[in-house]
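Construct all of the structure, not just a fragment, from the sequences and the given hints.
In terms of our numbering, the numbers along the sequence shown are unbroken and rise by one, the last being 405.
The set of hints was computed from the structure by calculation and includes no laboratory data. C-beta: ideal position from N, C-alpha, C; glycine also.
With a Cα cut of at most 16 Å, we get these calculated EDC-like pairs of lysine to aspartate or glutamate:
no., residue 1, residue 2
1, 333, 286
2, 331, 287
3, 357, 326
4, 288, 278
Simulated restraints on C-beta separations:
no., residue 1, residue 2, range
5, 336, 237, 32 to 38 Å
6, 341, 266, 50 to 56 Å
7, 344, 322, 24 to 30 Å
8, 307, 211, 18 to 24 Å
9, 351, 302, 26 to 32 Å
10, 351, 246, 28 to 34 Å
11, 237, 317, 49 to 55 Å
12, 257, 294, 34 to 40 Å
13, 369, 296, 19 to 25 Å
14, 237, 260, 22 to 28 Å
15, 222, 386, 34 to 40 Å
16, 320, 251, 29 to 35 Å
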Amino acid sequence: MPRKVGVPSDLHTIKKEILTSGSKNLPCSRYAAKFRIIRNFPTDPLEHLPTLNPNPPPFVPTGRYTQERKDFIDSVHDPKFLWPEEMAAVHHVMMLHEEAFAWNEEEKGQFKHEYFPPVEMPVIAHTPWRVPALPIPPGILDQIVEAVRVKIKAGVYEPSSSSYRTRWFAVLKKDGKSLRLVHDLQPLNAVTIQDASLVPILENLAELYACRAVLATLDVLVGYD
Numbered sequence: 181m182p183r184k185v186g187v188p189s190d191l192h193t194i195k196k197e198i199l200t201s202g203s204k205n206l207p208c209s210r211y212a213a214k215f216r217i218i219r220n221f222p223t224d225p226l227e228h229l230p231t232l233n234p235n236p237p238p239f240v241p242t243g244r245y246t247q248e249r250k251d252f253i254d255s256v257h258d259p260k261f262l263w264p265e266e267m268a269a270v271h272h273v274m275m276l277h278e279e280a281f282a283w284n285e286e287e288k289g290q291f292k293h294e295y296f297p298p299v300e301m302p303v304i305a306h307t308p309w310r311v312p313a314l315p316i317p318p319g320i321l322d323q324i325v326e327a328v329r330v331k332i333k334a335g336v337y338e339p340s341s342s343s344y345r346t347r348w349f350a351v352l353k354k355d356g357k358s359l360r361l362v363h364d365l366q367p368l369n370a371v372t373i374q375d376a377s378l379v380p381i382l383e384n385l386a387e388l389y390a391c392r393a394v395l396a397t398l399d400v401l402v403g404y405d
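Right, here's the structure in full:
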């Protein structure tokens, strides 16, 4: 009869983790009903999607999907990874859904409020803060002004009047010339009512993907907004 190896050690580890987690319990303020996130689908967004033609017609520049942008997509794809017929299908999909792709800040869209209402931050009672602003170096002032104007035009920023003032600053992007605006929200984090749900255990989640092919999508254009 085979021996059960490692059972006492495993039980000891589990008990230790439970005791450690229990010692870190933190109080959590109660969520008001208006802050609860409710999924709402008034209509099926997939109901009227155009049908993909398995034999797509030749490429024709359509709306945002210009010849220049098609050439860019071709340049970043390994010609040995997809067959020409498969790349033609990719271009056809991007033609059919050309408004779903944003190539610059001005083309970025926003979620429809009937599907995704604006998010309100639940906070505890607090006194508004006025954090002193960091000085803007004169050498990058024009770049900062232009970056703010672009975000206003894209709908990321909007005019407002408030008793709050939060510190922000600019960092250099990887291209070595563009600037990214970063907002220091530490004062907001200090008064925000945290969600009590827990993230999955990383080790268990990683095991589910072992020896599997994984596909993912990432919106890199709005990843920081």
